[in-house]
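Colleague: So the chains spell out like this:
Number of protein chains: 2
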Amino acid sequence: MKEMLVQLGKRAKDAEAALRTISTDKKNQVLAAVADHLVKNSEALLKANEEDVKNGKANHMPEGLVDRLLLTRERIEGMADGLRQLVDLEDPVGEVTGMKKRPNGLLIGQKRVPLGVIGIIYEARPNVTADAFGLCFKTGNVVILKGGSDAIHSNQAIVACIRETLKEQGITEDAIQLIEDTSRETAGEFMKMNEYVDVLIPRGGKGLIRAVVNQSTIPVIETGTGNCHIYVDETADPEMAADIIMNAKTQRVGVCNACESLLVHDSMKEVLLPVLAERLREKHVEMRADQEALSLMPGAVPADEEDWGTEYLDYILSIKIVYSVEEAIAHINRYNTGHSEAIITNNYMHAQKFLDEVDAAAVYVNASTRFTDGCEFGYGAEIGISTQKLHARGPMGLLALTTTKYIIYGNGQIRP
Amino acid sequence: MKEMLVQLGKRAKDAEAALRTISTDKKNQVLAAVADHLVKNSEALLKANEEDVKNGKANHMPEGLVDRLLLTRERIEGMADGLRQLVDLEDPVGEVTGMKKRPNGLLIGQKRVPLGVIGIIYEARPNVTADAFGLCFKTGNVVILKGGSDAIHSNQAIVACIRETLKEQGITEDAIQLIEDTSRETAGEFMKMNEYVDVLIPRGGKGLIRAVVNQSTIPVIETGTGNCHIYVDETADPEMAADIIMNAKTQRVGVCNACESLLVHDSMKEVLLPVLAERLREKHVEMRADQEALSLMPGAVPADEEDWGTEYLDYILSIKIVYSVEEAIAHINRYNTGHSEAIITNNYMHAQKFLDEVDAAAVYVNASTRFTDGCEFGYGAEIGISTQKLHARGPMGLLALTTTKYIIYGNGQIRP
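These protein sequence lines map, in sequence, to chains A and B. My numbering applies: residue 1 is where the first sequence begins, and numbers increase by one. My numbering applies: residue 1001 is where the second sequence begins, and numbers increase by one.
These are computed hints drawn from the structure, not numbers from a lab. Fair warning: this is a prediction, and the values are worked out from it, not measured in the lab. A portion of the hints provided could be inaccurate.
Claimed, not checked - In silico EDC-like cross-links for lysine to aspartate or glutamate, where the CA-CA straight-line distance does not exceed 16 Å:
hint : chain 1 : residue 1 : chain 2 : residue 2
1    : B       : Lys-1013  : A       : Glu-357
2    : A       : Lys-13    : B       : Glu-1376
3    : A       : Lys-100   : B       : Glu-1357
4    : B       : Lys-1111  : A       : Asp-356
5    : A       : Lys-10    : A       : Glu-164
6    : B       : Lys-1101  : A       : Glu-195
What the hints assert, rightly or not - Covered stretches of chain A, as calculated for chain B (at least 3 residues, CB under 8 Å):
hint : region
7    : 95-108
8    : 263-275
9    : 364-373
Cβ atoms here follow ideal geometry from the backbone N, Cα and C, with glycine treated the same way.
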């Protein structure tokens, strides 16, 4: 391994020990100070960002990505506000749960503790830099950041600003470190630093996440893609169904909890689809329908097999007719990505069956899939939405950045 | 990927859906029936095992491994008893926790569900075959087993017996599948079956676990090695200290929660070490001591740097003198494997500091490290002891084989 990474790992381990004993009050004080410092340093951050944006444009970066890369005074205020909001959230670290006395007198409980050192691998979004630091620091974790090369100047400026504040506050600056070498080779080595890094969280598109899952030997928390379905059951209220579908499809299209595919019970197709088609057309949503739905949806084009498994992240919706709740569940479990799934129904048994049998992080009855979100679920902040089953599933708040350890109080017990 | 593995994965996915709806009563009935069937089929199991043992001896398998491979009538009874004990344990699946009403009226809770498909990779220990099946089945999980080639006949016989019982009970036989091709190549491909397998659990020695962690793209639950320490603080009761050390070192030496290294505060060395040395010599424990401890422990040999990081799993103990609780904690956090660590003390502040700052799955005050065990912690059964921080840490009972999903009851909510 590169000596640079070893040194960085060692510094992270030292910082981990230092953060283990820091109080919630102090953590909050530091978060507020970092927020102020970022705003005060706006000029320097904007200047560094300007260079990244200039390079991005010169390299023909697509407009959408340039927009994600761009910092403005308003966006810097937004980053600072994000940090300030963390101050008000409850610190999960230190809570002891399930303390029980065993027959031999041992008192055994589980104490919530930081994960340790968290690696974040992300693309050219400078806001993630401050955001990830805030979430990790609030939970007592050290963070090592590996951002995209296109945002390197912005990231350097933000990290420098955070480290200055840490120093002023008497906290080890190594609570945050940035890997400045953005080469693919270094990223590959970073993903194998099991000795120094407890968990890796990739934040970005499908390709980035897949690459991290495939290459990393460090445990990964996969935040993911969402091929989300809405199933309209025979007893659904058609108006409620149409409102929820429109919301889940069009309220924001580029997000993982948007609806990508619609399943409609055969008995509902005539009352729902023509009306829905009109509303979708108004919003310029392309409809890709199976044979049975096609004739009821003027303007729709035929769907093919590939559509069922596609997360469009766009103004496109696939539509399929099914003949039972069982068929809907089987289709969803075959094609979904384990994110968010909804049934619209007024049938009690079908609602319970759908909740029981659909395999996803969030399963809804009579509501929009768009609610799968840390803030909507009441967590205040979120590091991502886990679509894997280990450790955390669904929106991950501060709790997902912690683990537990057993603490045991004895008075001389030995094992017989 | 090999067509055989794809077929096996697809069958597992089908079985996963079937197990999702099975009641606890039915699961218990099946476990009891499998236990009975194994005992009734002892003759066939012993015959298959005989072939493995014969081959093992012909291949010069070390005696200890032959013993682990060997089945006897008594050991088959033991396997059956293990399954029967699972019947009495509470089924964690189905519990809904934290159900809360959000301001918009959505009712959001977390329901405990099976992980799905669990892969177990293990060595030549046929008892793991029945054991892993029982734990996975009780929690509604499908299991795919990849055992060592040395136990293939035994494993085939046990799995055949379990599948027969499943069929008789009207449950899909694919709730358990054995990969009969024990080649390294197939194992490597199995570890990349992310589409079909939700989690891999390696059970075996350090080498096996390391290989799985390094090769797998599927999330792994690492069960692990234990370089466990006992630190004797200045205010320790020397008799209690010696009793706990003797227990943790010699009650059973080949296990991960045995003590491997002793740290003694300088002020305690003269009262503790000569007496302890005598007791250790009686039990034929080799003592590897640092310079300061050496002269106080007749029969000890000098320790070198490598000793501090070694899990002996043998009648060997390393001994080091330290000058403060801080030094003890720093040494432990540098050399331990995150398993079990103990302080012997009568100082309140030191006890709390040790519990707070030592980074391990289980941290003890005044008790033997040997208690880190699913049964001792009150879980009734255990699939292993996790030394990683994600998902589960410490002894893993049935709960560790489950995950949660959010279930959300709405009445037409859309996101504003």
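Colleague: Work down the list of hints and note, for each, if the structure agrees.
Modeller: Verification of the hints:
With a CA separation close to 13 Å, the supplied pair B/Lys-1013 and A/Glu-357 stays within the 16 Å bound. For the proposed pair A/Lys-13 and B/Glu-1376, the alpha carbon gap of about 32 Å is over 16 Å, so the pair is violated. Restraint check: the Cα-Cα separation between A/Lys-100 and B/Glu-1357 comes to about 22 Å, which exceeds 16 Å; the hinted pair is violated. Pair hint B/Lys-1111 plus A/Asp-356 holds up; C-alpha atoms about 9 Å apart against a cutoff of 16 Å.
Straight-line distance between C-alpha atoms of A/Lys-10 and A/Glu-164 comes to about 20 Å, which puts the hinted pair past the 16 Å bound. Note on B/Lys-1101 and A/Glu-195: the hinted pairing is violated, with a Cα-Cα distance of about 42 Å set against a maximum of 16 Å. As drawn, the region 95-108 of chain A meets chain B at 4 residues by the rule of a beta-carbon pair under 8 Å; at three or more, the given contact holds. With 0 residues carrying a beta carbon less than 8 Å from a beta carbon of chain B, the region 263-275 of chain A misses the three-residue requirement, and the given coverage is violated.
Under the rule that three or more residues need a Cβ within less than 8 Å of chain B, the assignment of the region 364-373 of chain A holds, with 8 such residues.
Against the hints set out earlier in the document, violations occur for numbers 2, 3, 5, 6, 8.
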